[in-house]
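Using the hints, position chain X against chain Z.
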Amino acid sequence: EAQVTQNPRYLITVTGKKLTVTCSQNMNHEYMSWYRQDPGLGLRQIYYSMNVEVTDKGDVPEGYKVSRKEKRNFPLILESPSPNQTSLYFCASSLFPGTDYEQYFGPGTRLTVT
Amino acid sequence: QQPVQSPQAVILREGEDAVINCSSSKALYSVHWYRQKHGEAPVFLMILLKGGEQKGHEKISASFNEKKQQSSLYLTASQLSYSGTYFCGTGSGAGSYQLTFGKGTKLSVIP
Numbered sequence: 007e008a009q010v011t012q013n014p015r016y017l018i019t020v021t022g023k024k025l026t027v028t029c030s031q032n033m034n035h036e037y038m039s040w041y042r043q044d045p046g047l048g049l050r051q052i053y054y055s056m057n058v059e060v061t062d063k064g065d066v067p068e069g070y071k072v073s074r075k076e077k078r079n080f081p082l083i084l085e086s087p088s089p090n091q092t093s094l095y096f097c098a099s100s101l102f103p104g105t106d107y108e109q110y111f112g113p114g115t116r117l118t119v120t
Numbered sequence: 870q871q872p873v874q875s876p877q878a879v880i881l882r883e884g885e886d887a888v889i890n891c892s893s894s895k896a897l898y899s900v901h902w903y904r905q906k907h908g909e910a911p912v913f914l915m916i917l918l919k920g921g922e923q924k925g926h927e928k929i930s931a932s933f934n935e936k937k938q939q940s941s942l943y944l945t946a947s948q949l950s951y952s953g954t955y956f957c958g959t960g961s962g963a964g965s966y967q968l969t970f971g972k973g974t975k976l977s978v979i980p
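Protein chains in written order, with our numbering: chain Z, 7 to 120; chain X, 870 to 980.
Since the hints were made in silico from the structure, they are not lab data. None of these values were measured; they are calculated from a predicted model. One or more hints might be untrue.
[Claimed, not checked] Below, a list of computed lysine-lysine pairs in the DSS-like style, where the Cα atoms sit at most 30 angstroms apart: (1) Z/K63 with X/K919; (2) X/K928 with Z/K63; (3) X/K936 with X/K919; (4) X/K936 with Z/K63; (5) Z/K63 with X/K972; (6) Z/K77 with X/K906; (7) X/K919 with X/K937.
[As the list claims (entries may be wrong)] These stretches of chain X come out as covered by chain Z in the derived footprint (C-beta under 8 angstroms, 3 or more residues): (8) 888-901; (9) 904-913; (10) 963-976.
[To be verified] Simulated restraints, written as ranges between beta carbons of each label pair: (11) X/G921 with Z/L101: 20 to 30 angstroms; (12) Z/Y16 with X/K936: 42 to 52 angstroms; (13) X/P980 with Z/D62: 11 to 21 angstroms; (14) Z/N32 with X/Q870: 45 to 55 angstroms; (15) X/G920 with Z/M33: 24 to 34 angstroms.
Ideal placement from N, C-alpha and C gives every residue a C-beta, glycine not left out.
Extracted from the complex, chain Z is given alone in its bound form (with noise of 0.2 angstroms):
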């Protein structure tokens, strides 16, 4: 089945405490991003990849880190989480780079930051 994935899909932690979210597409899709969903805000992207080892920022990107050294997967990296990074968060992808396309996206990760 064609789809994104995204692990974990609920997670609490610290203040401070490095955590990764993970991000697997099967589709072999060239472009892969990260949003996050904040009540009233809607969705915001924070870093985007045209392809391996491209990656540029978003709207939002203060605070993360991605790589993409493999095609099918994304992750998210926060370094040293914050309260204010308690979020859902959807990673997506869609078949080339550009606005053309359709992106499919994750079943989301809700993430506490306390």
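Just chain X now, kept in the frame of chain Z:
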């Protein structure tokens, strides 16, 4: 800058029609529409491109006014399953890799 969606929320009875609008302050190349049900991931509905091309589900209708930098999503004869939050995402150029989403429109369809 995020596109502006209106209305923020709307309640419909089954069978009624609704229009959701998406407006940008920047010139647009593409507009995406997604629907998100509570507790789920956003799901693709439609893409509208500058020049008139559209890709998406046959039962969904939308328009794209390039000059006014606006798009509208038309939901006709609404069903209970249409309930959810609708997001528009805008792309500013053919070479742009970034979609910027609006804050969403919450649609509730009641019997």
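Practice problem: Could you check the hint for me, namely that Z/Y16 and X/K936 are 42 to 52 angstroms apart, CB to CB? | Solution: Since Z/Y16 and X/K936 have Cβ atoms about 45 angstroms apart, the given range 42 to 52 angstroms holds.
Exercise. Assess, step by step, whether the Cα of Z/K63 is no farther than 30 angstroms from the Cα of X/K972, and give holds or violated.
Key: 20 angstroms, holds
Practice problem: Using the Cβ atoms, figure out if Z/N32 sits within 45 to 55 angstroms of X/Q870. | Solution: 34 angstroms, violated
Quiz item: Under the criterion that the straight-line Cα-Cα distance not exceed 30 angstroms, is the pair X/K936, X/K919 satisfied?
Solution: 10 angstroms, holds
Quiz item: Count the residues of the region 904-913 of chain X with a beta-carbon closer than 8 angstroms to any beta-carbon of chain Z: does the count reach three?
Solution: holds (count 5)
Self-check item: Coverage of the region 888-901 of chain X by chain Z, judged on three or more residues with CB within 8 angstroms
Solution: holds (count 3)
Quiz item: Taking 30 angstroms as the top limit, are the C-alpha atoms of X/K936 and Z/K63 close enough?
Solution: 29 angstroms, holds
Quiz item: Does X/K919 lie within 30 angstroms of Z/K63 when you go C-alpha to C-alpha?
Solution: The hint holds at about 25 angstroms.
Exercise. Given the hint of 24 to 34 angstroms, check if X/G920 and Z/M33 actually sit that far apart at their C-beta atoms.
Key: 27 angstroms, holds
Quiz item: Straight-line Cα separation of X/K928 and Z/K63 no greater than 30 angstroms?
Solution: It is violated: about 35 angstroms lies between the C-alpha atoms, which goes past 30 angstroms.
Quiz item: For the region 963-976 of chain X, do three or more residues have a beta carbon lying closer than 8 angstroms to a beta carbon of chain Z?
Solution: As far as the region 963-976 of chain X goes, the hint holds, because 11 residues have Cβ atoms under 8 angstroms from chain Z.
Quiz prompt | Beta-carbon spacing of X/G921 to Z/L101 - inside the hinted bounds 20 to 30 angstroms or not | solution = Since X/G921 and Z/L101 have Cβ atoms about 21 angstroms apart, the given range 20 to 30 angstroms holds.
The structure fails hints 2, 13 and 14 (numbered hints given earlier, in ascending order).
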